[in-house]
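Dock chain one against chain two, each of which comes alone in its own frame, and use the hints as you go.
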Amino acid sequence: AMSSSGTLSILRSDSYAELSQYRDQHFRGTRYDQERLLRKSCTLYVGNLSFYTTEEQIHELFGKSGDIKKVIMGLDKVKKTACGFCFVEYPCAGGDAENAMRYINGTRLDDRIIRTDWDAGFKEGRQYGRGRSGGQVRDEYRQDYDAGRGGYGKTVQ
Amino acid sequence: MSRRRHSDDSDAGQPHKRRRTSEPSEIEERLESLICRVGEKSNLEGLAGVLEADLPNYKSKILRILCTVARLLPEKLTVYTTLVGLLNARNYNFGGEFVEAMIRQLKECLKVNMYNEAVHLVRFLSDLVNCHVIAAPSMVAMFENFVSVTQEEDVPQVRCDWYMFAFLSSLPWVGKELYEKKDAEMDRLLSQTESYLKRRQKIHVPMLQVWTADKPHPQEEYLDCLWSQIQKLKKDRWQERHILRPYLAFDSVLCEALQHNLPPFTPPPHTEDSVYPMPRVIFRMFDYTDDPEGPVMPGSHSVERFVIEENLHCIIKSHWKERKTCAAQLLSYPGNNKIPLNYHIVEVIFAELFQLPSPPHIEVMYTTLLIELCKLQPGSLPQVLAQATEMLYMRLDTMNTTCVDRFINWFSHHLSNFQFRWSWEDWSDCLTQDLEKPKPKFVREVLEKCMRLSYHQRIIDIVPASFSVLSPANPVCIYKYGDESNRSLPGYTVALCLTIAIKNKASNDEIFSILKDVPNPNQDDDDGEGFTFNPLKIEVFVQTLLHLAAKSFSHSFSALAKFHEVFKTLAESDEGKLHVLRVVYEVWKNHPQMIAVLVDKMIRTQIVDCAAVANWIFSSELAHDFTRFYIWEILHSTIRKMNKHVLKIHKELEETKARLARQHKR
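Read top to bottom, the protein sequences are chains U and E. Numbering-wise (our numbering), the first sequence opens with residue 1 and increments by one. Numbering-wise (our numbering), the second sequence opens with residue 158 and increments by one.
I should point out that these hints are in silico values taken from the structure, not numbers from a laboratory. Because the structure is a prediction, the values reported are computed rather than measured. Incorrect hints may appear among the rest.
Unchecked claim - Stretch-level coverage of chain U by chain E, calculated; a stretch enters the list once three of its residues show a Cβ under 8 angstroms from a Cβ in chain E:
1) 7–15
2) 49–61
3) 107–119
As the list claims (entries may be wrong) - Derived pair list, reagent style BS3-like, types lysine-lysine, alpha-carbon separation capped at 30 angstroms:
4) E/K596 - U/K64
5) E/K708 - U/K69
6) E/K801 - U/K123
7) U/K64 - E/K594
8) E/K355 - E/K338
Backbone N, C-alpha and C define an ideal beta-carbon position, used for all residues, glycine too.
Okay, chain E solo, but in the shape it has when bound (with noise of 0.2 angstroms):
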């Protein structure tokens, strides 16, 4: 993937120099930037005039960009359905041609699993309805097809949850239309929808969701948050009032456009391949109680609530990249005094920062978009920001777990990049209960994070006195044998000459020949041929080492890498290595995120291996700290080196096998 762009000046003296570019693409860049460039507030019908002119030359790259704009910018689906049926009207093959196009465009990506985006084209060809580009009866029979798919059997619910979706979430922008036109068939679709909702399975919904509670807003299947949407839709005579309809505004002009008719559309048969889309949970925080003052915020079952979250979602996965235009793009959503848009960003933002299993982006994306937009609302967004952690933190009780983790990551993070400002008093109310329990805990968690970003005594100074029982310990190493007093200790003057060595630069021979003197306290299982498990030998050295190399990661990992050999040799048996990570637990055991990071470093320097990390943290040792977050860094850290390990093996492995058919043909 070429991430950068090159610049054509400085290649002076290049033996391959870019060649400039040639006509037609110059006019493609110049297609695609006007027809990408297209708002609400532009001129449809001159640029419909504009694209006319250019049809009998260019016709193959405009309709190859506006098939193109219609499965990835579907934010502006209404402009560019206008935009076309602008042309239909001045075109009518081109119409028929547009349309081909898109049926072609929407099999191939159903058969390529790009099924998100066919849905983005299914609700473009909806629109197109609207347009007076696609009669309305065929519409409604390609609709009959895919409702028809949740009869078929032995094919995996999520393929017919995914025709179901297509069909109902097309309803708030064709729905007046098709039901006028047939409301019979309509009808029957609708009868049909509502029998599969009520017996498809919901196994999924609790794993899903992110609070266990129902109060005060439940954490609803996304196909019964949409039915009920569209129910609700219908009750309504399918009157919707949120979408932006330019082509309202031309219905003169449209309305004499002869329309063309869908070709009947088979949806392509469930294969082995076939991936579908995954289930989800909708993620609702807010109601219209929430802001009082402002604009009313739609309900949960309105279906403007739908297109709403619909479209902010689809403004974050076109512009993730860029957080500027990212956030620009969100706060000038229309309809921005109509509806409480900060309330409904601040809300779609962070249902994607708590999806179940994983987050669409990566989590550090979304703390920064939230800073930019922030930037961009200072009088308003963050007041929303806080009420939001605020209400958050109040649900803590019914949180899953993987979600709190997600919060604290944000909000340490977060109130990092404004100096740790936050009325912790608010929050007193968690000094009462149990350390252990989801509130005081979370605050444990987020002050731990936040001195990993600042400094210890910061993070003293920024809590009222009161919350010093939820402080961080300051991360000092401890040194067994560090005191005088604890000369009794077996070990002490090995450790005291060990100390000496090491900071005489002594080589690892000699530190094994030091080490020789070392008791073994497991006599019995000296077998007598060389190195056997000698826990103290263990302790001695590490105890020591780290010690010696408390002053910063660097140094620890340099201590690591220099005494390597020693490592492994004392950490050869499984026993040795899980002795080692309790040694170096009992050194940092006020530093987590340097047990964290030496762990790290052994694994990838194979001093011990995952086993012993797993053996490590669920033995009974460590069970008092079981529920500390970073325990759960550490293990699921050890997991993902264990996974990118097996597929760089297999991908190896595939290679390898690659290889040897290629010798076997010859």
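Excised from the complex, chain U in its bound form (with noise of 0.2 angstroms):
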């Protein structure tokens, strides 16, 4: 009777561990599917990394919320380099991914703020970048300077 009932909608709010906007276009199913997935992942998807950000690195910061299953590095589907994004599996009881979710998202790794994600899960293919000239779409577009993540935007370039 005590401890089910007996708290206050203030107290459960975890906007952190929400899910976020964002829809993966290239998934493949419902988007009754991809959010039945993204609510039950243990898998966060890792951006605005370095182009020269390690896994070890990775390992270090997110080892911090809980034992790590796995790190995949993202990578540039032409040159096979790091491009900037990451996946990190967490084992699914325990809530370390939650706790990813709401002390190192939007913290720096790398002197760079990044941002975590619920993701659908990892599958083969899905380590590459998307963009047309084989790293990620928003270094295809983007009009900045960002000397961690090979300079200018591809199309300016």
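As structure tokens, then:
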């Protein structure tokens, strides 16, 4: 009688662990399928990494929220080098992924503010950038100069 | 646990579309929202009027919400007691029902071991005396029953401790009123308290202290500290000036109200299932001398200090999942210009981070919370944090090793968010000391951890040249058979062969046949029946493979997976397992992080077992690294895995037993 019903919505708030607005356009399945997978996911997508950020650095940082099952580095489809994103898989019980969303998302790795988001699950092929030049789409079109991500966007170059 | 909100709109085409919320539940949400959002500046009288009007239809819901905020939002205690007081003044029956509901809730909490929340309820009840809801003599009677628990025989000390704590920790709020009405009874209670505190055991104190030294701030046992604070409060004639008491403004309304008597409260008896809170030691690192320019920090034995710390801890407990909210709530704690709030906040956060045996929340939360606080107060909080860091550094010599580990993890992670900017020269005193002493050791471990979050050259660049003796080694792999000059080493040619084979994607069988050529230095042990412990085989194979896979963790993990069969065979015996670990160490001794992840992977894939890791860590070969933190990182991680495994198997056993029992019933 005590434990289950007895809390307040203000204390249930866990906004950092919620789904974002982003949905993967390349996802094979319905929106509903994707959201179902996102809700029970223990895999995080990590974005805005520098091209030089290593698996070791990622492991050290994300290891702070729990035991990591696997890190999968995002690669340029052509060059097969790191292109600024990765996936981090945690074990499914224990709330490790939630803690990463709450405390690692929006903090710095390799001097850059990184962003984490729920991922529907790694599938072979998803480790590659989807931009036309081989890297991530965002690096195709951006106008600014980012030394950690190859300089100017590809279309600018 | 459903951790995320469902978006109502996106379920288009779904068979079980979420129903629109039904009417009563909407009202309940509105009521809950109204009540939860209340603060000291709210129009409490207005809200009381609204709630009174809703009583005919929603009394039970309002009761439930008020009981819940009493239990879960203790940082807003006096706001809610005032609200209840105003309601009681308008509706005496409601006041009575609320008190009854609170007593029921208190009994329920005690029954299910929710002792921390029970304290909040007791404090709430006691503050209701100030709001003329509860008659002072009946509150004193309840406290008499609490204190008499200390006379019980054959009960755990922590049981008596809790009832004592519940009594004492309510006195900052209600001591004055109770003493004015029942001074003789209160004196008796205080005298019984004193004699209990004198005779209780305190062997837990050295175990829980963060520092072994008493200077500059003794790490006091929590009940002793509270007792000193209450004694001082009594000496000050119960004048307490920190707590905001909205009910004072409504005194004319409230004193017209009729009070209720608390029903006689018998503490539920101790049972086998009772689990009481652990005793604590009060963490202090600041006093008024640390901020000479600002408002005076209340002394360690002032009741104000107790109230501030309680409230700040409660705020963290309420909002730990929401770091921005938590930081904002901490910084908007009332009394900002009368107390050095930043110092209190930093002290409370470190108190939790360094709490023994474990912090209340995951360590990384505190790092990120401090960063959020720095963002909100960029002109003041970073300086307090720097001052705190400096103080913690100065006192490393007497700091508990577990706390030093947490300090290292926090500081290195914190620095990595601020481009590793730190005035390292301020710490050059450590360079003149023996490298095994706490200060230089701390700096070495911090730099090693900083390197894990960046890279070797960066660390060399951020410290003055004089600190090079403390800088971490370049984390490169050491391959025994790498140089032509090593060709006289036994196994060298096999290593070369193996390298070529692996590069040409050889199978496990081909690897085995290449390894057959490796002589066994332990000739006598070879019983001729298949593979026995051959340390040279292990050395050649593991050195070569790890060297080839040195590029990244993923490469190494793939190598372990691909040649799992070879590993399992070579490491079949206990000596084999131990030797694998030794070779891993030889190859990667410059890269402790790599050793840790490889050991983890090898345990998970059952190449080695936990016992082998323990034997390796405690072996004489590793004695020189025994006090390095990576060793303990590996040991703790190994023990954790073992624990998880045992729990999992235990659970499976219980489930199987239950299934069997059900079978037998049929």
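To see whether the hints hold, each was checked on the structure:
no. : hint            : in the structure
1   : 7–15            : holds (count 8)
2   : 49–61           : holds (count 7)
3   : 107–119         : holds (count 5)
4   : E/K596 - U/K64  : 24 angstroms, holds
5   : E/K708 - U/K69  : 19 angstroms, holds
6   : E/K801 - U/K123 : 28 angstroms, holds
7   : U/K64 - E/K594  : 27 angstroms, holds
8   : E/K355 - E/K338 : 27 angstroms, holds
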